[in-house]
Amino acid sequence: MTYGIFSSAGNLIAWCDSHDAALKTLRDLVEEEPEAADDVAAIPVTETGRPCGEAILGSTAVEHATAA
Amino acid sequence: MPKEDPHPIRAATVVSPTWIELPAHVPAELVVEPVLKPRMLFRVTFAASRHDREALLHSLTSNYELQQRPRKIERIYSVLHFAISTWTSEDAARANALAWPKNGDHIARLHLLPSLGICMNRPQNGSEHRSIWAAPDQVLQCVADVRKSK
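Chains as they are written, first to last, in this note's numbering: chain A, 44 to 111; chain B, 77 to 226.
Keep in mind the hints are simulated off the structure, nothing from the lab.
Please note that a few of the clues may not be correct.
[Said to hold, decoys possible] Distance condition first, Cα-Cα at most 20 Å in a straight line; then the derived EDC-like pairs of lysine to aspartate or glutamate: (1) B:K148 - B:E97; (2) B:K226 - B:D167; (3) B:K224 - A:D81; (4) B:K224 - B:D181; (5) B:K178 - B:D128; (6) B:K226 - B:D128; (7) B:K148 - B:D181; (8) B:K178 - B:E166; (9) A:K67 - A:E106; (10) B:K224 - B:E130; (11) B:K148 - A:E76; (12) A:K67 - A:E97; (13) A:K67 - B:E97; (14) B:K148 - A:D82; (15) B:K178 - A:E97; (16) B:K224 - B:D167; (17) A:K67 - A:E78; (18) B:K178 - B:E141; (19) B:K224 - B:E141; (20) B:K148 - B:E105; (21) B:K224 - A:E106; (22) B:K224 - B:E105; (23) B:K148 - A:E78; (24) B:K226 - A:D63; (25) B:K178 - A:E78; (26) B:K226 - A:E90; (27) A:K67 - A:D81; (28) B:K178 - A:D81; (29) B:K148 - A:D60; (30) A:K67 - A:D82; (31) B:K148 - A:D71; (32) B:K178 - B:E130; (33) B:K148 - A:E74; (34) B:K226 - B:E166; (35) B:K224 - A:D71; (36) B:K178 - B:D167; (37) B:K178 - A:E76; (38) B:K178 - A:D60.
Note that the structure is predicted; figures quoted are calculated from it, not measured.
Work out the full structure: start from the sequences and follow the hints.
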């Protein structure tokens, strides 16, 4: 599954080719900008780049890592 | 008393790497082309109508104009820091709004006209996502209508 990483303004800031890569990218972003944890998110997309599922927030990615 | 640095500019210089590898999933090139004939694109927004100028302008603004620092792909392609994300279909824009309501709850239909200097990327993989480049007030002229996302 491919993920687009977007800012809360709705603009693209990265593409990732797996769920794990998307989580890592979000964690990297939050590590650099902790205040942006709820302003970046990974959105799953289809092969044609169409969003196809719920967004994963940067803060959720960090919580996921902390719990693991 | 500490000595004053005789080369203050040199002291403030950030050392950049001499080379970097292209991160995974980042294309080796980015093709940007001008809008030469009318094009229809869609943008998620919080504006409730095409007359909601302030909200529309905000949603037609790049991360750079929002004073966000460059992140990830924006550090490889600085032009993307100046870009606005749009979609080639209303359904794709709606899916974006449903996936992350923080991006907006309405869809603006953008009827992009030639001669306004608007540019857009040409994706390599037929993606429904398009980055566009233009001053927000130029794109504002292209807003044909605004509809609820659900």
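- prompt: Taking each numbered hint in turn, which are not upheld by the structure, reported in ascending numerical order?
  reply: Violated: hints 3, 7, 19, 21, 22, 24, 26, 35, 38.
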